[in-house]
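*Asks:* Line by line, the protein sequences give chains Y and V. At position 180 of the first sequence the residue is numbered 179 (numbering that gives the first Met the number 0), and the sequence of numbers has no breaks. At position 174 of the second sequence the residue is numbered 173 (numbering that gives the first Met the number 0), and the sequence of numbers has no breaks.
Zero decoy hints are in this set.
Only part of the chain V face toward chain Y is listed, based on derived beta-carbon distances under 7 Å:
1. Ile70
2. Ile146
3. Pro160
4. Glu169
Hint data in this document are derived by calculation from the structure and do not stem from the laboratory. All values derive from a computational prediction rather than experimental measurement. Don't be surprised by glycine CBs; every beta carbon is placed ideally from N, CA and C.
Protein chains: 2
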Amino acid sequence: MKKEPSFPFPFDEYIKDAETFHGFAAPGLLVGGFMVNKAIRHFPAGVLYEALCETSKCLPDAIQLLTPCTIGNGRLRIVSLGRFALSLFNKDTGSGVRVFPDPIKLDPWLELKAWYMKLKTKHEQDLNLLFSQIKQAGEEILKQQPIQIKPEVYRKISRGPMALCPVCMETYPAATGIPCLACQGESPYVAWADICLEIKIKAKC
Amino acid sequence: MKKEPSFPFPFDEYIKDAETFHGFAAPGLLVGGFMVNKAIRHFPAGVLYEALCETSKCLPDAIQLLTPCTIGNGRLRIVSLGRFALSLFNKDTGSGVRVFPDPIKLDPWLELKAWYMKLKTKHEQDLNLLFSQIKQAGEEILKQQPIQIKPEVYRKISRGPMALCPVCMETYPAATGIPCLACQGESPYVAWADICLEIKIKAKC
Chain Y
0 MKKEPSFPFP FDEYIKDAET FHGFAAPGLL VGGFMVNKAI RHFPAGVLYE
50 ALCETSKCLP DAIQLLTPCT IGNGRLRIVS LGRFALSLFN KDTGSGVRVF
100 PDPIKLDPWL ELKAWYMKLK TKHEQDLNLL FSQIKQAGEE ILKQQPIQIK
150 PEVYRKISRG PMALCPVCME TYPAATGIPC LACQGESPYV AWADICLEIK
200 IKAKC
Chain V
0 MKKEPSFPFP FDEYIKDAET FHGFAAPGLL VGGFMVNKAI RHFPAGVLYE
50 ALCETSKCLP DAIQLLTPCT IGNGRLRIVS LGRFALSLFN KDTGSGVRVF
100 PDPIKLDPWL ELKAWYMKLK TKHEQDLNLL FSQIKQAGEE ILKQQPIQIK
150 PEVYRKISRG PMALCPVCME TYPAATGIPC LACQGESPYV AWADICLEIK
200 IKAKC
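Construct the complete structure from the given sequences, taking the supplied hints into account.
*Replies:* Take a look at the structure:
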């Protein structure tokens, strides 16, 4: 875990870390390993960088495994655009590199392309062939481009003072209004009153 | 990493893992360790559970360190409500437990309360005292409640087929329209044309 970037990428060792952290060595996590290892070499030692990931699927875990950027320490942002791409950028200037698999470069790797473009169902995939193609292709399928992150994306804004919500009696950032966002209706939970009502209705049916 | 739940919580060992993964043993990550360890005991071995976190600050990393749920494997969701709370729930039914620090129970722990309610600046905090209070208080400051996650939150929806964006020529989920979301204007990057223009303007000034 949290290996230094190296070339060639220690793929077999990374698979073990991927299994421990992610639960299994998913193809996206493996391709992601090569992507992170390529992007990370852009930065000289000592430069503080942050990460932006354009999908929440697999790729964020490659970043969390191979860089100091995690979702909880605020150095990894996910902007769900659905593109399998990541960027590492200087935390002070927003300048950095973006890495992604180039669909044209995937052409010689049929099983890898079929997985990437979702041309086969999971059941139809030949996992051994897919893993072997990911390992063989390595960084060959990747494209890198310079990027400049928008200031509003990389600049951090303090949440400001905390307050006690008069409804749930929990602490929350005062700036989001009164009551807290959850009690304003954004709660992901079903209210217990609704559940009791549903049980009663079902019991009567 | 990925320890089994245990009681009492192996706090000192967890601090080392927190430092490796998160970069430093942040107070939120330490309190979060106790929270995860409490919630996880709700589930008998073998029950597949997922996690929901109501803040992106620190707490998601405690979940990723101590459970099989990560942001990249889709078993950890973050709903940014600003409340320092987490839920673990049965992945098939959405039923589970929610754990959070109870502001009333924090009263005897002055340094811990000051940190939690942001009553002191970072400079004013006594970190040794804060860490010692977090360790001593352990689960005493926590409250647990049963929850039922809304089906629209815990049910997974397939992204559907992929397409090639005619603008950036990258792969993206076709269901998000033509071109891809980034090329529709949601890109977090400044266009290079804008940067060149800015440089030219500055050069003329």
